[in-house]
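J.: Sequence:
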Amino acid sequence: MSLLEYPVYQATINVNPPVKYHYLLKTGSGTKEEKFTRQATTSETLNEFFDRSITVKNHPLLPKVYETPSTVKQSKLFDDKHVSTILINAKASEIKNLHNNPKNEDLKYHVEVIYVNPYTVKKFRNAKLAISGQSTVKAKKLSYKISGLKTDDDKELFGRSSIKLRAEHMDPSFLRDKIYGDILNSLGVPTLQNKFVRLYINKQPIGLFDMTDDINSSHFLKNTFNGGNKYTVDNAVFKADYYPDGGCWGDLGYYGSSSKMYDIYYYKGDKEKYDNDDMVSDILIPFLKEAKNYPSTGKINFDVNSFLKQMAAEYAAGGMDNYWLRPGNYYIFKDMKKNKWSFIDCDFHYSLGLSGNNNADKLLTYSIQNYPKYNTKITTSRPLLDNIRKIKSNETYFMNVFKNLVKYSFNINALGPRIDSLASLIREDVYWDLQLPRVSGLSKSNDFKYTSKDFEAQVKNTSISSSTHELFPLKYWIIKRSQFIASQLGVSIPSSVVKSSLGYFSCADASAKDRNSSSAENKKTTIKVTTTKKSTTTKKSTATNISVSNNGKCGASYGRCPNNECCSKYGYCGTTNDYCGNGCQSEFGNCKSTNVQKTTKKATTTKASNKTSSVKTSTVSGRCGPSYGRCAGSNECCSQYNYCGKTSDYCGRGCQAGFGLCN
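Residue numbers (full-length UniProt numbering): 1 to 663.
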């Protein structure tokens, strides 16, 4: 196989599709062979990951409970129908220091980031990597923040310059953050988006992660609250925390012009130079005072409906780490030009039956009216929510949100099939993740030691044993909680999925328009990034089974056209030149071609090349390898991590002879 665009490799064979195939990966230590069969039905296939049987999978969608706000501009980055791959290359010493000191918030290193999905490869040479999280910095499997995602020509990663990779180490299903986000999307809440990625650092497998928005990023804010348009003023964002032992928590209450209760809010807005106390005093406290007076004035510059939807989701999911139960761990954002505040909930891993304190069963018994009593460490007062609910129209709206939520999206008929589909997509990656070594250097880091049996129980079971008080299966929680909500409001759970007049919520489609090659040849991509040894990939006859569309549309979201029809560049099926000519998507239908088609199969691997001829010289100081070229110095070696040097660290094991000298 030949390198198409690192880490994607391709091979071309003269065959007539359809053709069955699978891959063998040969390394110095032996041969690994896929145990399943793939099938190419067209002259071009997608980028496929070695030893993963599913490349793209269409999931059942949730009905919209409320319309998606017009301010939301969706990003193809969060197309959840596939698992993407992120490869990070950096100095080994810096990565080691980062992993050994996860509590050091000042550590941030320059790295190269390569993002691969089934359609494209994107590279960012000047990104930055840091450890992310608060309590999660103590985990054996660490979480990360990647920033500086801009190319040399100033293009972001599908409209995002900063992302977070959540380890989900406490959730054996890996799905709680994702399902919670799906529920918020069905409610029409402007919220952070997420999807699954697998991560490698310096060709070492790190694991499966939930890739999510970075709320502090201006790109997230403009695409979520401003229709993708750049803000012209510095906006304010505050993060709230929770510290009952210190006598303060983020309940959004007004306690006069000064109070230690305000010490729990942290400015995260656009200003680079600021005093946190001044920001809280000048911007946040006036809003808290306005909220206190809201029941008497009826005036508040705040998105009340969105906030109430998020509170309904917190209750439905039993969000342990969020505003209503644990007032903290959320953001509140002020659009300074519009003088409008918005609430942004976040961190949903402790939800949907995972409480973290061994009494999720008790949580199921608290009604909507006495919900805060579950947390006995602080008072039950939640000033912002309490004051909003004092307005009769708001309370009526709030209860209707609950009724509509269990009618459309928060019930087992809607969520059950989606859980099954998402679990099927990530199953192989979960099994892979669970057996990987962890990288944290902390001597007392936390590890839950879950197994594949835990994953299967969490995504499949609808019942529990009488001795279970914690870590309820997802479906069990959804069944019990939706029934309890319905009983409180005097409604019933529908026996099947109820169609909404608003349709269904779907992610932006990272369609074939983003292919990394416009060649008419067939391309099959397998990605393998775990070895630095020289390897060759052999194909046996075995891409993803693509369903047949039945609505005249085609593409990654709909499937292949029926009856040998062509799939146009706009995603519609037909037989004329408008469909079969320029831009025709050959992976989802026929296109004008010769009788015998070449099938190109692409596989990604960290293959080391022995060729030195016709390799360009790197123009980036100190860097080398497939993405850069040969070391500029004639006597320099190119290390396995794509850095130039002269010592054994560069010239010894893993040295890339195709891009410099080697011992």
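No lab work stands behind these hints, which were simulated from the structure alone. From a predicted model like this one, the values you see are computed outputs, not experimental measurements. Accuracy of the hints is not assured; some may be wrong.
Stated by the list, open to error - Here are the simulated DMTMM-like cross-link-like pairs (lysine to aspartate or glutamate), alpha carbons at most 20 angstroms apart as the crow flies: (1) K289 with E272; (2) K260 with D282; (3) K289 with D270; (4) K260 with D245; (5) K57 with D420; (6) K271 with D282; (7) K273 with D234; (8) K334 with D214; (9) K73 with D214; (10) K407 with D106; (11) K145 with D303; (12) K128 with D270; (13) K73 with D509; (14) K334 with D361; (15) K499 with D214; (16) K289 with D335; (17) K222 with D263; (18) K460 with D420; (19) K268 with D214; (20) K292 with E156; (21) K239 with D420; (22) K32 with D282; (23) K377 with D277; (24) K289 with D263; (25) K338 with D234.
J.: Work down the list of hints and note, for each, if the structure agrees.
T.: Cross-check of the supplied hints:
no.: 1; hint: K289 with E272; verdict: 26 angstroms, violated
no.: 2; hint: K260 with D282; verdict: 16 angstroms, holds
no.: 3; hint: K289 with D270; verdict: 23 angstroms, violated
no.: 4; hint: K260 with D245; verdict: 12 angstroms, holds
no.: 5; hint: K57 with D420; verdict: 12 angstroms, holds
no.: 6; hint: K271 with D282; verdict: 14 angstroms, holds
no.: 7; hint: K273 with D234; verdict: 12 angstroms, holds
no.: 8; hint: K334 with D214; verdict: 17 angstroms, holds
no.: 9; hint: K73 with D214; verdict: 15 angstroms, holds
no.: 10; hint: K407 with D106; verdict: 47 angstroms, violated
no.: 11; hint: K145 with D303; verdict: 29 angstroms, violated
no.: 12; hint: K128 with D270; verdict: 19 angstroms, holds
no.: 13; hint: K73 with D509; verdict: 13 angstroms, holds
no.: 14; hint: K334 with D361; verdict: 37 angstroms, violated
no.: 15; hint: K499 with D214; verdict: 32 angstroms, violated
no.: 16; hint: K289 with D335; verdict: 18 angstroms, holds
no.: 17; hint: K222 with D263; verdict: 28 angstroms, violated
no.: 18; hint: K460 with D420; verdict: 8 angstroms, holds
no.: 19; hint: K268 with D214; verdict: 11 angstroms, holds
no.: 20; hint: K292 with E156; verdict: 41 angstroms, violated
no.: 21; hint: K239 with D420; verdict: 34 angstroms, violated
no.: 22; hint: K32 with D282; verdict: 62 angstroms, violated
no.: 23; hint: K377 with D277; verdict: 26 angstroms, violated
no.: 24; hint: K289 with D263; verdict: 16 angstroms, holds
no.: 25; hint: K338 with D234; verdict: 12 angstroms, holds
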